[in-house]
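Number of protein chains: 2
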Amino acid sequence: MIPKPIKKFIEAFSQLPALGPRQATRLAFYLTALPKATLSELEKSLRELKELDRCERCFFLKQGGSKICEICADAKRDPLIIAIVEKETDLLSLEKIGSYRGHYFILGKLAEKGVLETAQKLRLEHLKSRIKSEDGRITELIIALNPTAIGDFTADLIKREFRDLAAKITRLSRGLPTGGEIEFADESTLGSSFEHRL
Amino acid sequence: MIPKPIKKFIEAFSQLPALGPRQATRLAFYLTALPKATLSELEKSLRELKELDRCERCFFLKQGGSKICEICADAKRDPLIIAIVEKETDLLSLEKIGSYRGHYFILGKLAEKGVLETAQKLRLEHLKSRIKSEDGRITELIIALNPTAIGDFTADLIKREFRDLAAKITRLSRGLPTGGEIEFADESTLGSSFEHRL
Chain A
88 MIPKPIKKFI EAFSQLPALG PRQATRLAFY LTALPKATLS ELEKSLRELK ELDRCERCFF
148 LKQGGSKICE ICADAKRDPL IIAIVEKETD LLSLEKIGSY RGHYFILGKL AEKGVLETAQ
208 KLRLEHLKSR IKSEDGRITE LIIALNPTAI GDFTADLIKR EFRDLAAKIT RLSRGLPTGG
268 EIEFADESTL GSSFEHRL
Chain B
88 MIPKPIKKFI EAFSQLPALG PRQATRLAFY LTALPKATLS ELEKSLRELK ELDRCERCFF
148 LKQGGSKICE ICADAKRDPL IIAIVEKETD LLSLEKIGSY RGHYFILGKL AEKGVLETAQ
208 KLRLEHLKSR IKSEDGRITE LIIALNPTAI GDFTADLIKR EFRDLAAKIT RLSRGLPTGG
268 EIEFADESTL GSSFEHRL
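First to last, the sequence lines map onto chains A and B.
With the first sequence counted from 1, adding 87 to any position gets you our numbering.
With the second sequence counted from 1, adding 87 to any position gets you our numbering.
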């Protein structure tokens, strides 16, 4: 009874994050009410995502044409400071602070079991050989992974592996969130906040 | 710093319901990590939505080819019972009950100010002349609009307009939801539930 194109749309789009079957269904009918030109625009923006590939240095996304991304190509940024992040959106969050002027390195989404995937191991090897061949030793390696058990586990692993390749290896600090209240902080957060008091 | 295709994707998709800028951003990066074939599938399912048009009888969506939708073409359904719904998803919800064997009529999303749009007035005129030319008078017109102020207002309007065209004009009943508790029901719901007690 549901027309086939709608069914197929729901099947395809309900696989995506932020869109369950319910949302995908509503979205499908919403889209059919839009002008066809708007639908074509959406289609085009989806199609153009396929033109992206990954920066050879940091694995962030870039448009075809150059080998490295805008950040890696930016001469005003310090290539001797590298922040390892899990995902592209973490990079964007750090960029929003506005004060970081180093480079990045995208590790890829950490699996829940905490073991690095082959692709991630290869990326880290790539980073190692890049540091070895370029500078031998960088000024700072910032491990900007989430403050979770898996983040901690991976951070320890990276610390060991890069011990000799960076003068300093740091992580993002933990503590009370701005605007938060001591009374409502969980023990682990408050513990970290106390331990690393400024 | 964000590659242009990603920016364009976020702009286009964050306009859609269920997707704010944050969700669209995450979705964009999620999509770039998928195989290109999966992206092409999504693109195709979006493109195929454009093949749909509206049933000439009830304004539900249908695939090109026939003039009327599967529901209107179904000889096992009673064309003398018509349920007026606001949106396609309301039709799907009613179909899920499994017991309704009449036809539908899609009015289109009601504006918040409660006035019918020209397109909606035209649809109602279309329904009127359809009833007049086909049967003169149908058995039942079910006004399946939401139990909201706008729904009530529109239902009253439809009741007046179709007074002579249907032997019976009904609305969905109001009352306690199954599994709900009297103690927690709002006054209006409990009031309706008492007034229309079975």
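Among the hints, a few may not be true.
Label-pair distances were calculated between CB atoms; the ranges are [to be verified]: (1) B:GLU138 / A:ALA272: 52 to 58 Å; (2) B:PRO264 / A:GLY152: 56 to 62 Å; (3) A:GLU212 / B:LYS123: 22 to 28 Å; (4) B:SER101 / A:GLU143: 16 to 22 Å; (5) A:GLU182 / B:SER279: 50 to 56 Å; (6) B:LEU121 / A:GLU182: 41 to 47 Å; (7) A:GLU138 / B:SER180: 22 to 28 Å.
Hints listed in this document are in silico derivations from the structure and should not be mistaken for laboratory results.
The beta-carbon is built from N, C-alpha and C at its ideal position, and this holds for glycine as well.
Hints not upheld, ascending by number = Going through the list in order, the structure violates hints 4, 6 and 7 and respects the others.
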